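Based on the sequences and whatever the hints tell you, model everything.
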Amino acid sequence: MAVPVAQQRKLTQRSGNICAFPECGLLLTAQGTPEDPVVVLGEMAHIVAESPNGPRGDSPLTPEERNRYENLILLCNQHHQLIDSEGALAKYTVERLHAMKEAHEQRIERRLGGRSNVSSDLPPMVNDTVYSNVLPVTQMPRYIYGAPCSARRENEVRPAATSAGMMTPFILREGRLWAFQDLRDTSNPFADVVACTETERFSTKEWWTDPDRLGWYVALLNRSLNKLTGRLGLRLDHDHHRYYFEPEAAGVERSVPYRPLNASRATRSVVWQPKKRATGEARNYWLHRAVSLRFFLIGDNQWCLSVRPELRVTSDGFESIQAKYIGRQVTRKKSRLFNHDLLGEVQFWRDFLGRSTPRIFFPFGTDRQNLIVSTSLSSGQVRWPGIPAEHDMPFKNVEYVDDLFTWAEAEGLSEDDDPADEGDEDAEEMLR
Amino acid sequence: MTARPAPPSVSPAGSPSLIASTYFPEPLLQFADDGLHIDPKAGIARYGPRSWTASGRHPTRLRVGLIGTAELVEAARTWMRSRAEGVRGDVNNPEFPGWMPDRGFFSSLEFDDAWNEELGQTELRQVLEIKSQKDRFHAALTLFETKFRQLAERDSVPDYVVIALSDQIVARCGTADYTSKETGAVHRDLRRALKASAMKFRMPTQIVRAPTLDGRDRTPPSRIAWNFFTAMYCKAGGYPWSPYGLTPGTCYVGIGFYRPLGSAAATMQTSLVQAFDERGEGLVLRGHEFEWDPNKTGSRSPHLTADGAHQLMALVLERYESVMKQTPARVVVHKTSRYWPDERDGFRAVIESRVRRYDLMALEAQSRVRLITTSKYPPLRGTRFSFGELDYLYTTGYIPALNEFHGMHVPAPLQVADHVGQDSSRDTLLREVLALTKLNWNSAALGGLLPITIKFSGLVGEIMREIPADREPLPQFKFYI
Ligand SMILES: [Zn+2]
Ligand SMILES: [Zn+2]
Chain A
28 MAVPVAQQRK LTQRSGNICA FPECGLLLTA QGTPEDPVVV LGEMAHIVAE
78 SPNGPRGDSP LTPEERNRYE NLILLCNQHH QLIDSEGALA KYTVERLHAM
128 KEAHEQRIER RLGGRSNVSS DLPPMVNDTV YSNVLPVTQM PRYIYGAPCS
178 ARRENEVRPA ATSAGMMTPF ILREGRLWAF QDLRDTSNPF ADVVACTETE
228 RFSTKEWWTD PDRLGWYVAL LNRSLNKLTG RLGLRLDHDH HRYYFEPEAA
278 GVERSVPYRP LNASRATRSV VWQPKKRATG EARNYWLHRA VSLRFFLIGD
328 NQWCLSVRPE LRVTSDGFES IQAKYIGRQV TRKKSRLFNH DLLGEVQFWR
378 DFLGRSTPRI FFPFGTDRQN LIVSTSLSSG QVRWPGIPAE HDMPFKNVEY
428 VDDLFTWAEA EGLSEDDDPA DEGDEDAEEM LR
Chain B
3 MTARPAPPSV SPAGSPSLIA STYFPEPLLQ FADDGLHIDP KAGIARYGPR
53 SWTASGRHPT RLRVGLIGTA ELVEAARTWM RSRAEGVRGD VNNPEFPGWM
103 PDRGFFSSLE FDDAWNEELG QTELRQVLEI KSQKDRFHAA LTLFETKFRQ
153 LAERDSVPDY VVIALSDQIV ARCGTADYTS KETGAVHRDL RRALKASAMK
203 FRMPTQIVRA PTLDGRDRTP PSRIAWNFFT AMYCKAGGYP WSPYGLTPGT
253 CYVGIGFYRP LGSAAATMQT SLVQAFDERG EGLVLRGHEF EWDPNKTGSR
303 SPHLTADGAH QLMALVLERY ESVMKQTPAR VVVHKTSRYW PDERDGFRAV
353 IESRVRRYDL MALEAQSRVR LITTSKYPPL RGTRFSFGEL DYLYTTGYIP
403 ALNEFHGMHV PAPLQVADHV GQDSSRDTLL REVLALTKLN WNSAALGGLL
453 PITIKFSGLV GEIMREIPAD REPLPQFKFY I
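Residue numbers (my numbering), protein chains in the order written: chain A, 28 to 459; chain B, 3 to 483.
Simulated from the structure, these hints should not be mistaken for laboratory data.
Predicted model, so just to flag it, every value in this text is computed and none were measured.
Backbone N, C-alpha and C fix where the C-beta goes; we use that ideal spot for every residue, glycine too.
Careful, some of the hints might be misleading.
Stated by the list, open to error - Cross-link-like lysine to any residue pairs, in silico, SDA-like; alpha carbons within 25 Å at most: (1) Lys232/A <-> Asp420/B; (2) Lys118/A <-> Ile40/B; (3) Lys232/A <-> Leu392/B; (4) Lys118/A <-> Ala34/B; (5) Lys118/A <-> Gly300/B; (6) Lys118/A <-> Met102/B; (7) Lys378/B <-> Glu181/A; (8) Lys232/A <-> Pro343/B; (9) Lys232/A <-> Arg370/B; (10) Lys232/A <-> Asp393/B; (11) Lys378/B <-> Arg304/A; (12) Lys298/B <-> Glu181/A; (13) Lys298/B <-> Arg304/A; (14) Lys378/B <-> Pro415/A; (15) Lys298/B <-> Arg180/A; (16) Lys298/B <-> Glu132/A; (17) Lys378/B <-> Met420/A; (18) Lys118/A <-> Leu111/B; (19) Lys298/B <-> Asp237/A; (20) Lys378/B <-> Arg295/A; (21) Lys378/B <-> Glu201/A; (22) Lys298/B <-> Glu201/A; (23) Lys232/A <-> Ser388/B; (24) Lys118/A <-> Asn95/B; (25) Lys232/A <-> Arg90/B; (26) Lys118/A <-> Arg79/B; (27) Lys303/A <-> Gly278/A; (28) Lys118/A <-> Arg370/B; (29) Lys232/A <-> Gly390/B; (30) Lys118/A <-> Asp420/B; (31) Lys378/B <-> Pro412/A; (32) Lys298/B <-> Leu199/A; (33) Lys378/B <-> Asn154/A; (34) Lys232/A <-> Asp266/A; (35) Lys298/B <-> Asp111/A.
Said to hold, decoys possible - Label pairs and their computed distance ranges (CB to CB): (36) Glu346/A <-> His290/B: 42 to 48 Å; (37) Pro238/A <-> Thr329/B: 35 to 41 Å; (38) Thr329/B <-> Gln105/A: 51 to 57 Å; (39) Pro222/B <-> Ala305/A: 49 to 55 Å; (40) Met152/A <-> Phe203/B: 51 to 57 Å.
Shown next, in the form of structure tokens:
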């Protein structure tokens, strides 16, 4: 196979027809006979040899690539022989020959008055859409209520259910009970342990700017997450502060239905005992899908919920064991969570937590006190050199559509709430 | 049934607060003859190490001393000689061009029995036979220290010492965990302790384990050679490469903390700083001891008092001036936790009195927030995005120029947890962070998760804690890696 003419021309042009060996400087054309006016003395030396057995020939380059400009260097006969000689192969490596050629071509360009263009070899930029594992909070409760409380410990408080489905997270701090329900209302869920008449009301925004109160607020949000996940049948792993699936019966694997990335419906294993691939024999541990959820403030009164998928390991479906005691098998499984798996996991969790609706809903009793998290993945545009398209994975960003039920839920549990009062805080209070 | 409009407050469509992303190209590094490349391996292979042509610091020859059993000393010498010829690569691992006068690092290795110290069978057995783990650890350390001393007292001393550890020593003396009345629970590590001990004799060292020498280590041979010889070049005093495009006259400071050895209270902390100039030259300094109680303060990460911050910054600037022979025009401080008001005031008071421009930044390695692409590969290293007021930078991830992804896990970006001063744009500061992740001369990898300013504070701290309070630790970074 010969070097294509276009490649030959590119090489001689770029090297100015001068030997590329440092300090050689031999001009590779000479005066010839009248019939053949120019004699070419230059030799197109292969950096990686044309044949795998030749000098520096051991390379993944294809035969075509070996004969391209990128793999050739223009030398005089003497220097071609030198770089190919057996004793000098360690010295004239592929990398050094590339450097030699590059330095020479730059010298030639400078001599010709050309400007060097360092950025020319950067890959072209493309626009891509990227997603994140963060869900935006679209509504936060407006108020926090606190009232003196007779209970000293949280397990002494038994909130009464005032309306179906209402969540009643609370914390005890500095002798007071703090909750999202209006404690001035004598029929509030905590009425039997708090002094309703001594209720204080704070705007939540006021709390977010005070580091101590912000900590209390996040604690209240975490209690809310406990309620939500509890209703969905997840268990809380206190040590790692994450939620996980448990088997419904001892020794029985479990899966749940959900809406995956590319199909309308599927089921996903959430508790399982891995098998050895070769023999099908069960391993001595169980894996549980788990998730770490965190509310955090990203500034300007905007909150987000991060969804971090995890795996919990147990010996029998219940008893936790540390990964280091079961060895590398599990550690490897955990660390093999690649980008696309993460996308699938996040999709599973947002679907599961939002019950395939547009939002994760925390009902605290009245419309504008409810906490609502959108299940749309946060996404954005980035301009970068991109990832080669051959690595693309199928993805369809499922947008959930409201149906009548989810609308009603988002509007608040109580059908009595009048949308006309929107924006009028005093009016809302008078309705109580 | 009447159709109701979608509630405006919960409209799922106008998804708020989304991510604005920009991309910083991979920072360039500078090699011999001012050659530029993004990759340390490619740059050295093409141009040679930075100080070969750039400063008077290139070691044209290196006197190598060896410590170990007779057998391992021989094995280490044979291994180094053969690897110095160059090591062939494969599809994923570039060839190592060698450590020879005419190629690779353009230097030569010299060996001489006068620079070796062999561990005798009897003295070794006496150590290994000791029953108590703590006593055995101390005996091993004493034995090595004797060898260091004997080497240091010779007429002719090596420039660099390779310590070859047998499987037995690693298994029996590699670590020690013990409790004592005065100190509580203590964990010791032979590697760190040997570094601290060799520092007494100003000896840069490299530890090699038997599996590396006899081939049991399955790491690709060219990668082992790259990392070994790159670190060796740095320990020999040379710059394998320099960052390119950092602001001249800038002092990059990293603040870290460690628990001192031998203090009963679990609440004691010592501050430490690492400072780097724009060439990548590093300086390590020990600060003061102070008490930090996570329960009383509500924070696990220690924070300095105004006085403590003042003292530490004054120390850095003084040493920087005396070692680097220049007053910095600009100071950039990196820390992994936020600046509490006292810390901020203490740092500011010193910096503002001497230096015109400064920025204090907190960089947190977190995994709460990640970007996800619809590819097999994660986002690109160099991707910066903001999310509301929060700012993130991917320092690990997919690298388009190499078409590879470094790291096993789905990478997570660093978060800018705090920024005080703001004399430079966030873009400039994050580009510098990215460039500073490429200054780990202990390996030939393209870049790491953390900038060099804070990357090694854990490791350096563990060596520092082995150095008694009454002994001044050496400031040169090469003694700690
Ligand atoms: Zn040839
Ligand atoms: Zn020539």
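Threonine 329/B versus glutamine 105/A beta-carbon gap, inside 51 to 57 Å or not
Roughly 53 Å apart at Cβ, these two residues keep to the hinted range, so it holds.
Holds or violated: lysine 378/B with asparagine 154/A, Cα cutoff 25 Å?
17 Å, holds
Compare the distance between the alpha carbons of lysine 118/A and methionine 102/B with 25 Å, and conclude whether the hinted pair is satisfied.
Within the cut-off at roughly 9 Å; holds.
Could you grab the alpha-carbon distance between lysine 298/B and arginine 180/A and see if it respects the 25 Å cut-off?
Within the cut-off at roughly 22 Å; holds.
CA of lysine 118/A to CA of arginine 370/B, is that 25 Å or under?
Violated, at about 49 Å.
Checking one constraint from the list: CA of lysine 232/A to CA of arginine 90/B, max 25 Å. Satisfied?
63 Å, violated
Given the hint that lysine 232/A pairs with aspartate 266/A, test it: the Cα-Cα distance must not exceed 25 Å.
30 Å, violated
Quickly compare the C-alpha distance for lysine 118/A and aspartate 420/B to 25 Å and report which way the hint goes.
50 Å, violated
Is lysine 118/A within 25 Å of isoleucine 40/B, Cα to Cα?
Given pair lysine 118/A, isoleucine 40/B holds - Cα atoms ~23 Å apart, limit 25 Å.
Do proline 238/A and threonine 329/B keep their Cβ atoms within the hinted range of 35 to 41 Å?
Once the Cβ atoms are compared, 37 Å apart, the range 35 to 41 Å for threonine 329/B and proline 238/A holds.
Check whether the Cα positions of lysine 298/B and glutamate 132/A lie no farther apart than 25 Å.
66 Å, violated
Under the criterion that the straight-line Cα-Cα distance not exceed 25 Å, is the pair lysine 378/B, glutamate 181/A satisfied?
It is violated: about 47 Å lies between the C-alpha atoms, which goes past 25 Å.
When the structure is compared with the earlier hints, violations turn up for hints 5, 7, 13, 16, 21, 25, 28, 30, 34, 35 and 39 and for no others.
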